[in-house]
Amino acid sequence: MKHLSGLDATFLHLETPEMPMHVGSLNVLDLPKGYTGDFYEDAKKFMASRIHLADVFTRKLALMPFDMTNPVWVEDNDIDLDYHVRHITLPKPGTNRQLQQYVARLHSSLIDRSRPMWEFYIIDGLKSGQVALYTKVHHAGIDGQAGVEVGKAIFDLEATGRVVKPPRSRPRGNNYQLGMAELATAALRNTAQQYVKLFKMAPAIARAISGLARPDEKAAEKDAAAAPKKFNLFAPRTSLNVSITNQRTFAGRTISLAETKYIAKHFGVSLNDVVLATVSGALRHYLADNNELPAKPLVAGVPVSLREAGDDTANNQASMILVSLASDITDPIQRLKAINASSTSSKSTMNRFKAVILDDFPTFAAPWLVSGIASMVGRSGIVNLLPPAANVAISNVAGAPFPMYFAGALVTCYYPVSIASHGTALNVTVQSYNGRMDYGLIACRRAVPDITEIGDYMLAEHKLLMELTQKHPAAAGAAPAPVPPKTVAEPSDDEAEAMPVAAAKKKPAARKRAPVKVAAKKAPVKAAAKAAAKPPVKAPAKKAAPKAPARKAAPAKRSSGSAPRAAAA
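For the sequence shown, UniProt numbering assigns the number 1 to the initial residue and increments by one for each residue that follows.
Among the hints, a few may not be true.
Claimed, not checked - Restricting the straight-line Cα-Cα distance to at most 25 Å, the calculated cross-link-like pairs of lysine-lysine (BS3-like) are: (1) K152 - K33; (2) K33 - K261; (3) K165 - K45.
It is worth saying that the hints were derived from the structure and are not from the lab.
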């Protein structure tokens with residue numbers, strides 16, 4: 001058996017029917033050319049040969065007597081792949097929006113705790129002829145970075161796959177669950193070890209707290225000019241900060257990784273700052289639509305990994321920082337710089353406290369106590385009255401920079417599907433993959449019924465930032481290098497049909513009138529692909545007059561010869 005850490009178990013204790021605590025992803029796959037088999041059956045056989053490569057697929061929970069402390073992971077010797085790997089066919093016409101709506105419904109249901117806590121869905125019936133893979137795994141056993149490691153177990157670098165060594169034979173146990181006495185003894189022993197660990201770390205924790213009371217003078221001098229003038233203790237209240245139901249809505253959008261890096265380098269900020277600024281600009285538009293943009297800046301809760309390099313353990317090793325989204329600043333560049341200053345300040349504080357942050361702590365009586373509080377908070381409506389700590393959760397996970405394959409099919413996109421929570425009805429998680437930045441937006445459907453508008457506004461904000469790189473000089477010492485050719489594939493047929501070509505070209509400078517929003521309503525998907533695909537036009541290119549026509553036609557040419565189409569709805 002293996003004990004869950006205090007942080008891992010917290011995701012179990014906080015879970016309610018309204019707030020499932022699992023994470024997942026949506027991948028659209030291109031089948032091999034000329035494929036005529038049954039991909040669902042092939043996927044089951046494929047998973048049967050791979051599940052031993054990651055613990056998350058073969059372990060289940062064993063609950064402690066009377067829920068007096070955290071459960072433990074035990075090995076499951078009887079895994080039913082017909083239960084864990086499921087098949088769904090979309091009704092006609094099989095659009096990408098239908099796919100994403102179905103994923104939202106699947107994501108709203110709880111995972112069975114009596115089995116290994118994961119589910120895979122093979123979804124066909126897409127108009128494009130592609131198939132989709134939707135996965136969900138409970139957050140108690142995995143965080144974002146550990147999820148990338150699990151992906152390495154099930155994805156290959158070639159369509160032909162790789163030779164996987166079968167698992168060693170083990171003696172099969174007869175017990176479905178461990179005995180009461182064995183579990184109780186293990187619980188008491190683990191609790192004692194947690195208290196000893198906490199006692200040993202007490203001096204270091206005290207030093208870290210006292211260090212926070214005495215700010216680092218060097219860091220203060222370095223960031224004094226750029227640091228935000230003030231940071232409110234609580235975030236302003238918005239329609240995003242309410243108690244949620246179990247109904248979900250989901251949208252995926254794609255932005256070019258090369259363009260995002262270009263913007264970051266041009267303005268001398270980090271790639272994550274550009275992600276935050278893109279979401280900030282989108283939320284400004286979205287809230288302003290209903291005249292509810294607060295005067296105070298919005299605040300993002302941003303997970304920060306505590307994982308050491310090379311650590312691929314399937315558990316949670318993360319904390320969270322609060323970053324101002326500077327939504328009260330109209331100018332996009334000044335907003336980006338303010339976000340950078342707030343992010344730098346929060347990361348500096350986290351780094352000084354990082355060494356003493358506990359991911360395992362005493363949890364005696366926590367299961368029934370925390371679960372009861374979570375249920376009461378969600379159903380009492382108290383969240384609707386208390387000031388929120390953050391308005392939105394935003395996470396950025398570094399994924400594979402190369403194409404991957406699942407059961408011989410090419411993975412064309414990697415949209416994360418994360419967690420909406422009480423008080424934070426919207427979660428935006430980004431995963432980089434093969435030259436793409438795939439944004440997954442998940443939200444409570446009642447709180448955010450029009451999540452596609454937020455996605456379209458993100459594409460418009462990215463486009464605006466790209467345009468501003470041509471109008472403003474690069475940051476000192478950060479002269480941008482030429483942007484590599486785009487690697488984002490074109491959308492599928494059902495997306496391409498809906499987009500009038502002229503819609504995306506109308507008056508890009510008229511930002512206040514939100515022309516992109518109008519185009520997005522007509523064809524949000526094509527707008528996504530267009531925003532992701534458009535390469536920046538730099539000054540050197542303007543001087544090379546003879547080559548200008550070739551550059552103008554280049555995007556279409558590269559697109560037709562690039563990777564397969566993606567469902568970038």
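Here is what the structure says about each hint:
{"no.": "1", "hint": "K152 - K33", "in the structure": "24 Å, holds"}
{"no.": "2", "hint": "K33 - K261", "in the structure": "34 Å, violated"}
{"no.": "3", "hint": "K165 - K45", "in the structure": "15 Å, holds"}
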